[in-house]
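Each chain, written out:
There are 2 protein chains.
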Amino acid sequence: MNREFTLIEKLFKKRIKNAPLGVGDDGALIEKNKQTYYVLSQDTMNEGTHFFPNHAPRKLGWKVLATNISDISAMGGTPKYALLSLSIKKINELWLKEFSKGFFSCAKHYGVELIGGDTTKGSTSLSVTIIGEVKKKYVLKRNGAKVDEDIWVTGELGLAALGLSYKLGETSLSGNILAKALSAIEIPKPIKVNMEKFAPLFSSAIDTSDGLVQDLQHILNQSNIGALIYSQNIPTAPWIKKYNAYDFVLYGGEDYQLVLTASQANRKKIIEVAMKNQIKLTRIGVTTKLKKFQLFDKDSKLITTIKKGFTHFG
Amino acid sequence: MNREFTLIEKLFKKRIKNAPLGVGDDGALIEKNKQTYYVLSQDTMNEGTHFFPNHAPRKLGWKVLATNISDISAMGGTPKYALLSLSIKKINELWLKEFSKGFFSCAKHYGVELIGGDTTKGSTSLSVTIIGEVKKKYVLKRNGAKVDEDIWVTGELGLAALGLSYKLGETSLSGNILAKALSAIEIPKPIKVNMEKFAPLFSSAIDTSDGLVQDLQHILNQSNIGALIYSQNIPTAPWIKKYNAYDFVLYGGEDYQLVLTASQANRKKIIEVAMKNQIKLTRIGVTTKLKKFQLFDKDSKLITTIKKGFTHFG
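First to last, the protein sequences are chains A and B.
Under the numbering used here, the first residue of the first sequence carries the number 1217, and numbering increases by one thereafter.
Under the numbering used here, the first residue of the second sequence carries the number 1217, and numbering increases by one thereafter.
Careful, some of the hints might be misleading.
Any copy, or any two copies together, can satisfy a pair, since identical chains are not distinguished.
Simulated crosslink set (DSSO-like; lysine-lysine; CA at most 27 angstroms straight-line) [to be verified]: (1) 1383 - 1352; (2) 1324 - 1458; (3) 1275 - 1226; (4) 1408 - 1313; (5) 1250 - 1413; (6) 1313 - 1396; (7) 1408 - 1250; (8) 1523 - 1337.
These are calculated hints, taken from the structure and not from any lab test.
A quick note: this is a predicted structure, and the numbers were derived from the prediction, not measured.
Throw the hints in and build the complete structure from the sequences for me.
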C-alpha cells in the first residue's frame, strides 16, 4: 500500500501547485479578495468502500456533505457552497428523495447552498466539492503549530470506529452506546461555530478523518515538532474506557472532529468560545521541542509501538 | 426517462440557488471581487456509461478535463483551477501514469492547475471540478440571446457522434475520417482563446455536449426566441455531407464546441478575433422573433419532426 500511495503522491499530489496552500492540507486555497481566500475540497464516497449498499440514503446524504464541511472547518473556514455529483445505477425515487432530505438538512444546518453538480449513471458514488471562505490571516494550516502549545480536540473520539466495528460484526453493542456509535459513523457532526471568532485562537488544525494518531502526526511532521499525549485525557465514551478499547480512540477514523493546537495563553478565551458555541473542547496534551510522538496509555505507560491509522483506500 | 429527469430536477436542480446564476447554465457563479466571478462546474464520467473499459487512459485523462473546460468556456470564462476525484478498482501503475500524462497535458494546454482532489477505491469513475474566472459584464448566459442575431458555432460538429457510432460498431469507417472521428470522441478540443476579447462579442453561449439541436434549444427557450438554421451551413466533415449523415451533426453529442449568438454588427470583429486565435467560427443561422426552431435539411426542406438530442443518463 505504501508504494501505491507514493505513486499517487508522485503522479498527482506533487504536481498540485500555484494555490497559496497546495499539497497536504485539508483544502486548497484560492484568492477571493485582499482579505479572504476561498477554500475548496473535493471528496468522493463509493458504495462498497465508504458505505454499505444498505446505508440509509438519508444518512448518506447527510454524511457526504458533513465530511466535506469538516475539511473546511479544519482550515479555519466557513462552508458556503457545494457541488454534488451523484452516480447511481438506476433512478430509485424513494432513495433519491431520502438522500436529498439528508443532504439538504445538513446543508441547512451548516448554512451551505448547493450551486451545481450532475447526476449520471454508474456504480453508486457521491462526489462533493465544498467551497468555504476563510480570512487570510486566520487560515489554520498543518504547519502552524509551535512548541509548548496545548493540543485540543473537539467532541468525542473513537465512536465512529466503534460503530464501524459493530457494522462489520466485529464488536457487539447494544442500547445507548450502540445508538451513539451508529450515529457517529452514519451521521457525523463536524463542529458548527463562528469561525471568525474561533480560528484566530488556534495555530493549526486537522480533522480526525483517519484517526487521531495519524492525523495529529501530520501536524507534528509539517510543524517540525513533537507531542506528548495522555490517552486518559482524550474524550470518549464510558464504554470505550470500561473495555479499554482505546485503539478506537487512537487509530479509528471518521470521527470528523478537529485536532487543534493553541498557545497556552489562549486557554481562557478558548474555553469561553467553546461554552458560548456549545462545543465540547478538551485539552489532551502538549506539543514538544523533542520531535517525538510520546503517547501514553490509560495507565500512563509509554506506548512504544504506535500503530498506523485508518485508511480509506484498500 | 422524462419523469426521471423531472425527479432529479425537482429534488436537486430547483433547490440550487443563491449563486448569481443558479440553475440551468453550464457553470455556477460565485463572487470573486467587484469585477469578477468565479465560475464552477463539476462533471463525472463513469466507466461503462461515459467511456469504455478499454478507453486509452491517456486520452481519458485529457477528455475528463477538456469536457469540464468546455463548461467554463460556454460561460465566457477562462479556466484556472481543477480538483480531480479519481475512483479506481485497483492501483495500476501504467494506467495511472498514462492517465496523469493525458490529464496534465490538457491542463498545460489550457493553463489549468490541479489544486486538489482525492483518490479512492471503487468502480472506475472520474469527477472533475473546474474553476474559472469571468468578468461580470462578459458572462455568457443561456438567456442572453436577442432577436435577429447571428448564430455561430466553433469547430466542426457531428464528428464525436460519428466516432462513438464507430466504436459501438454501428458505422464502419476507415482512413482519415476514422482518425478524425476517433479524435473528436476521445480527445475533444474545446476552443482555446483569450476570453476577455472573445466573450464581449457574443450575447449567449452553450457547449454542444448534448448535440446542436438540444443545446441550441436551451438558448432559445431561456431567451424566449426562435431560430432559423440551414443544415448545409453547419460545419462538418465531407464524409458526413457525402453520406447525408446529418443526424450526427444535429443530434450527436460530445463535440464540446460552442454555439453562440451575437449581434450582426459584431460580424467583422468576430471574424477578426477568430482568425487571430486560429479558431474556426461559422455562421449557421439567425435568431427569430417567431418562437419556433425552424431547421432546414441540406436540400433546404423544413424538418418537421425534430428529434431529441443525446443524453448521458441511461
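Task: Those earlier numbered hints the structure runs against, lowest number first - done: Checked against the structure, the hints that fail are numbers 1, 2, while the rest are satisfied.
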